[in-house]
Structure formats: structure tokens, C-alpha cells
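Make the full structure from the sequences, and use the hints.
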Amino acid sequence: MNAGEKWRMLFRREDTTGQLARNIDAEFDTHFDMLVEQLRDEGLSEEDARTRAEALIGNTELAARKCERTDRNWLLSERAGHVLGSIAADFRYALNIFRISPLFAIMASLCLAVGITFITVTWTVLDDTIIHPLPFEDADELVMVGTRDSRMGDGHWMSSSYPDFLDWEAGNHVFEHLAIFVWGAFTITDLDDPVRVASNEVSAAFTDVLAVTPVLGRSFTPDDYRPGAESVVLISHGIWQRAWGGDPDILGRRITLNGVNRYQVVGVMPPHFTFPDNRDLWIPFRPAEPGPRGLARHITFGRLRDGVSLDAARAEMHQIGIQVAAEHPEIEGRREVRVVRFGPFLTDPLRQPLLIIFIVACLVLLLACSNLANLMLSRATGRARELSLRAVLGAGRGRLIQQVMIESLVIALAGGVLGIVFGRLGLKLLLAHVPIELPGFMQFELNPGVLAALSGFVLLSAFIFGLAPALAVRRGALGSSLRSDTVRMSSGRKHVLIRSGLVVVQIFLVTIVLVVTGMVMKSYLAGHTARLGGENNRLLAQYVSLGSWAYPEQESSLAFFREAVEKLRNSPGAEDAWYTTSVLSDRADGSAGICSDETVRNSERPYLVCDFWTVSPGYFASTGVSLLAGRTFTELSEGERSNAIIVSEALARRLWADGEALGRSCYRSREPDPEHIVTVVGVIADEPFSSSEGAAGPRFYLPLVRDTSRGYGWLVVQSGGEPRDLAPVLRETIRDLDPHLALTAPRTVAELLRERNWRTVVFAWVLGVIGIFALLLTVVGIGGVVAYSVTNRRHEFGIRMALGATFGSITRSVMRRGAIMAGIGIATGLAVTLVAMRFLSGILENADPHDPVIYVLVIAFLITVTLLASWMPARRIARIDPVDVLREE
Amino acid sequence: MTLIGNRGFYGEIEILVLKILSGGESMHGLAIINAVSENSGEYLQIEHAALYPALHRLHRKGLLTGEWRISDKKRRAKFYQITPAGQKALARALAEWTAHTRAMEQVLEIQPEDLQ
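Sequence lines, in order, name chains V and R.
Just remember that the numbering used here sits 5 ahead of the position in the first sequence, which is counted from 1.
Just remember that the numbering used here sits 214 ahead of the position in the second sequence, which is counted from 1.
Hint data in this document are derived by calculation from the structure and do not stem from the laboratory.
Remember, predicted model here, so these are calculated numbers, not experimental data.
A hint or two may mislead.
[Said to hold, decoys possible] Over the 12 Å line for every Cβ pair with chain R, so calculated as not near, a few chain V residues:
1. Ile29
2. Leu40
3. Gly63
4. Leu67
5. Arg74
6. Leu100
7. Trp188
8. Ala203
9. Gly250
10. Arg343
11. Arg610
12. Gly668
13. Ala732
14. Arg880
15. Val888
16. Leu891
[As the list claims (entries may be wrong)] Below, a list of computed lysine-lysine pairs in the BS3-like style, where the Cα atoms sit at most 27 Å apart:
17. R:Lys302 x R:Lys233
18. R:Lys233 x R:Lys287
19. R:Lys233 x R:Lys275
20. R:Lys275 x R:Lys302
21. V:Lys71 x R:Lys302
22. R:Lys287 x V:Lys572
23. V:Lys527 x V:Lys433
24. V:Lys71 x R:Lys233
Note that CB positions come from ideal geometry on N, CA and C, so glycine has one too.
The structure is reproduced here in C-alpha cells:
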């Protein structure tokens, strides 16, 4: 069979099979005739020969059917081979577009890549925190059980006391295991460079609840919990690497924690296991006695039994709670037992910001897609001639559609691959910008599930974006483009309409993105620039935890801090130095009860609990706290006692109805205890700082003396210039005083703020980047469409100018289109945003979700951008010479 | 006379056709049947209709070519000729066939007492 025959067989199937049937019949006829002839030659009569021949030949119909089947199979396989071959050719051809029209190909791929990048990053983060927060087996069975004291307000963690835990453990039927832990911290003191690490004291069922086993050694056994048992410790994989270089002989080694106990390492936990947040050590929780029931300092968590629902667990624990409360009426407050899922609980503060970022990323992906659609459409129109020519030369429609689709696939694949690569880089960049140490369970690795979904999306988008040009091929729009220009103009106008619609969608999307971004940025800036005194950006602070093993007496820690402050104050480059329990003036390190003779007469609220700071005198001079009345603390000599207190305006009003506090006495306790009597020496203004978390509540300040001295706090130095330059001095001074202290890196106030507001910081940072790209995509989109429509109307403008239209009128006419698109897009975008803001308002700490400034800025900005993007092509077209255009005819 | 037809082993007819054509001569269907018959001492007689699907398969596999020509007896008939690929396929089929029949013989020659 020659090539021509093969070709005909392929594309004219019906004819082929018909012809084939005739061929076979002809062959059988010939065969029969020849056979009869042969039999006659052997001496048979004509009649006998025919009968004999029929018998010999057998079932010709069956044979013909078999031949047909052979042919059909052959045809199918030949066709498949041919299609595969043509697909390969189309791929080669499609790759060529990167050479032929690189700008289009690169723009199209980049558009998709931008969209995919943000989705990759946000989805991975979302997946790791909200969708699959805890990397444990059947993590959705993990719950936290706790009480909430109605008097204590809504703290984040729900806590429980050990006696409660024992009752719950004994009484419940809903948990497979129930465990308890207490927060703690240790200094590992037998290292060259002692480190302070977070720890947990955990009960025996701890590893059973989480279904984890150490990678090295063993978990705790009931023996470890017996009174008098040897002290044992489980260490994290991270600290094993950092402190001991991953030494495999760590098992059985005794390590020194807090200078005294020698703890035997019995196991190393798996990598990234830092349950529940950033813990590095776990030791058995072995209370000598249950302790007071009212002291809820512990966290209880458990694993639901198979088949037990959260509601069932809640119902039973609620009953147990009521029972326990009835048996112990001495415990005050409404102590309701609650059960919540652990994973969602841990990541709850991140849920809303992440969802918002994800939604915004989806909007940007839509934006990118509409841009891509625009690009594809313009290319399809531009290529109409090429495709028509090929159609005229005999290429079938199927073939052309296949080619257009494959081209779209190549661009989508390029965009997808780029997007995923950028996404991975973006994740790294994002993690580098998180100023705190994230819990070990947040690893942000691109996982196969996300990757598969993204690949699916890329293929789908290839299909959708290939569809428009492919449909154009199908509808037979091709023939027309070889004909006159008038036809092209009218079909072009239809295209302009579709494309303008796409631009309106883009402006709509970008409006939403920009308003949301603007709100978050504003909230971020408000939190970030919180004024903590005029000198705040010249401060460097070092947290110091002395440790009760080395400084058992209050006198010794007081002496340390006094001496440190004194030395720092006199060190070169330092203007001043002081001690404080908390550097940030809007967040204290602790709260305490305070009452006055007036408050105790109120039986409802005999005392109040408020934030307090313990500070050395330098604190007030440099942190911008404004004194309303009285004085600040004075320098005291060693061993001198002081009963001075400085209260805030709000506290003064709460302690005394007339608000006159200066010189009056009150008690630094929950009841009028003469031991804790203090005298107000100064009153400070309520809001010396623009707090990032609402108005400052009542607060008081205590001087650093023996009674108030604690084993930890911040040493702060104020620099004459760059605070970072003081870091070595700060460190050496402290090291000189005590070489065994575990020191973390010193922080500037800006860094502390960033750490505290890290969610807003990262949130704003990510949204800012997304916003910039969204804007870029929109500018490209608007510019492209206006330029395209202007080129399409070249002929029309030429005529209009020949008839006397001016430069200005042409420009205005073009820009009017831009303005209309912008108007519709912005109006609809704002309408949707106003509704969506209800969702956003919950997480914006300092921003009013209806802040008119943001809206006005976004509107003005977008209108400017749209007009600029349409002005440039308008100017170009208005400069053409009408004679040139008319001559083209 | 044993008729090898649709009930026969798969591929027997193809092997016979290729063998008959392996001399390089082009033959029509009836001539092939006659050649098989003559060369087997008239023991093997291909069912005439069954020959054509086999010829067709060989043709589609590219092992034969076919061409309509006028025969010696002035009749228009389709003549088949083996291709180089057909020669190779024949060599392979013969090797397999030989191995197959040898194995069959070995089994069939077992004496009854050896089976106990």
C-alpha cells in the first residue's frame, strides 16, 4: 500500500470499508471461477465442478467479516499512531511560539505563574495550619478539656487543676486517653553556652494521646511516675541537634537542668515534634500532692474513643463538671467544663487572616486568568489569518483546534511550573519574614495533594483558555478573516466588547484586593508605629532569667539587676539603662490584685486585678510616660525599703471615687493587708501610648526593691545612636556578672513589636505583595485592551480625523472607554467589598472597616491608573496621519 | 485428508502461506492452496474461505504485498508476494513451530509405564 492509499484509508473510512468489501467479493469470485476451471480440467462436469467448488470454498461470508475486522483494527491503530504523531508535531510547533512571539508567550505564562504562585503559597500554609493542623495520627480525635472561670475573662487557653483532672480521668467514658501538662522552662546549664528552653511536665498518657513514639530511646513508663523514681527527660529532635550535635550517645546521659537536678535522657522525639508549641523538653509530671482545686494552671488534653463524637464528649464532661462543682462548693465561679478540638484550637488565631489571604490569592488568580484570557483572545484574533490560510490549504478543523489547544497547554504548563517554583521560593521567603519561631507542626512543605490539585487546575485552565480560539476556529470565523477588512472590524468590535468585559472584571477584583490590602496595611502601620516613648527606637533590651538555683534569695537577684543597671549606665555609648519587667509599655509581664479602703466597702468587687510593671528609676525618664501629678521613683540605696507606687489615671479613679490619688495609701493585695500598704507618689496619664490593642487599662508601677524583686526581667539600654551597636556591651556586662546565664539575642523595640504583632506584620506583608502584583496585572490588562481596541478602530479614527476631529476629541473618546470600564469595575468592587468588610473587621485591630480614607485612596488610585493606561495608546493613535490610514485601503 | 481450518492451531495457515511464498514468487489464493496441498502429498488442504482472512492479516501486518494482475489463464486475480519483514517473521515462526512440535512429541512419546 503506498502513501496515497494509506492517506485515503485514514480519512475516508466509509469508502474504504465499502471498497474493501467489493475487493474481497471480487477475490472470492475470481477464486471460485479459477477453482471451477481447475476442477473441470481434472475431468469433472460443469455442474459437479461448481458443487465441489462451493463445498471446498466454505463460508465466504464469515471470512469476509473476519477480513473486515482485521481492517478495522488496523485502521484504528494506524489512526492512533497518526494522532499521536500530530500531537508531537503540534507540541514542537507550540514550543516555537516562545521563539516566534516571545512577548506574548512570556506574558501569558507569567500571568498564570503569578496566580499559581500565590495559590501555592497560601494553600500550602492553609493546609498546614487550618486544614491539617496537627501532624498526628487521627489528629481530629485530639481534644482539649478545660474549665473557664467566668471571673477570669476569656483567656486563650482553657485550663484545669490537677484534682479536676483526676476526677475527669476517673469519671469519663469518652476518652481513650487523657493527659495533663504544665508549662515550664529550664536552663540547660551543663553546656558551654547554657540555653534556656521551653518545657512541659507531662502525665504518663502524653505519648499515648498523641500516638507518637520517640525516634531514639523510649517514652515515659509508669515507673517514671513513681515517687522517688529517677528523674528522666525526653528531648526534642531540634534541641538534640542544636545542643548536642545529634550525638547518638545521648541516651542514658545525665544532663543538668537549672543547675541542680541531673536528668537522664531516655528518648529523643521525632523531628518537628515540639508539642504543643515550641517545647524542647518533656519531664514526667509528678506532683507531690494534688494541690488546690481552685488553682487551674494545667492543660488537659485527650483522645476521643473510636466512634465517640465531640458532642457526646461535651455532654459527658459537662455532667462531670456539674457533679464536681456540687461536691466542692468552696470553689468559686461558674466552672463549666469545655471540650474543644485541639488542632483548630491551636491555629484558631490564624484562621481568619489565612482565610482572607487565601481568598485574596484566589481573586488574584482570577485576575491572572482574566488577563490570560485577554491575551489569548487577542492572539487568536491576530492569528485568524494564519489559521484561515491553513484551513483553506486543507487542514481540518479538528486538527486546528488540536493545535490551538496544545499551544494553550504549553503556555499553561510553563506558567504552572514557574508558579510552583516561585511558590516554593515564596514559602521560603515567607518563613524568613515570620519574626517568631513557629510551632514545630507548621512546616509549610509543598505537599503532593496541593501539587496534584494545582496540576489539575493548570490543565483545566489550558483547556478553558484554549477554548476561545478553538471555538473561533470551529464557528468558521476563519473564512471571514481572509475577506475584507470591514468584516474583520465588526468581529473585532465584538472581541473588544468581550475583552472590555474582562477588564471590568479585573478592575472589580483589584478594587476588592486593594481595599482589603489597604485596610490591613493601615492596621499594621498603626500597630507598628505604636509610640512607646520618644526614645523607643534607640533602645536595646535583653531578657535575663537568673534561675532560682543560682539566685535563691530576692536580695541576690536584686543585687544582680542593680549592679547590671549601674554598669550599663556607665558603659561607653549608653545614655541610660534600666530594669523593667516588660519593655513594651502596653503589655505587662504580670497582673496583681490591688485594693483601697474605699474598694473593700464594695462587697461585689472588693479589689481589682490589673497589669503592673516593676521598674528601676531610669524607666520613666526615657519611655515617654507622661506624669500627671507627683514624682517618679527615686534612686534607693541597697537594702532600702520602699512603699511607693505609681498608678495610672484609670486606676486612681477605680480606687478612689474622686480620682484624687496622690499621697493616698492603698494595698498591693486583694484585701487590706498592712504588710502590703503602699503610698501613691505619682499618677501617670492613661494613654501615653497609642496602644495597638485598644485603650490602656488601669495599671500600676512598683519600684525595684527587695520585696518586688524577681529572678527575671529585661535590662534595657538607651543608645546615643544605633541601638544594635550596644549589643556586645550589653552581653559582656551580663556575662561579666554571671557567665552561666542562658541569654537569648537582645532585641530592639521595633523587633519586640514585630514579634508581638507578627500575625499582622506577616499578614500585611503578604497582602502588600499580592496587592502590588494584582495592580501590575490590572495595568497590563487595561493597557492591553485599550491598545487593542484603539488599533482596531484605527481606520475609523483616520476617517474621523479626515473629517475634522481634533487630537483632543480622539484622545477623549479613547479615554472615555477606559473611564467607563473603571467606573463599572470600581463601583461593583466597592459594593462587594463593603459587604465583605464585615468578615474582615474582626481581625483588623486598629482599622475602621469603613474608613473612608482607604476607599477614597483606592478609587482615586484606580481611576488614575486606568486613565494613564488608556491615555498612552490614545495619544499614539491621535498622532496618526489620516492620509496614511486612508491610503491603506 | 485432514482439513486444517478455523479449528486449527492459530497461525498454522499463516505459517504455511509465508512458507509457500518464501521463494519470492507472487501467487494468487488458489495457487497457494494448491501448493500447500501438493507439497504435503495432498494431506493438508486449507479451507479456501479461511485462507483470505489469513492473507488479509499478513497483508495488514506488512508481511505480504498484494496486487491485482492478469493471470496466465487471462483472469484478473490478486497476487501476493512476501516482504522482507515476512521473511523474518517466517524464520521466527519456524523456530517456534519446531520447538513446539518437539515438545509435543516428547510428551506424546512417553510410555504408559513411565506415567505410573
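Hint numbers contradicted by this structure: When the structure is compared with the hints, numbers 1, 2, 3, 4, 5, 22 turn out to be violated.
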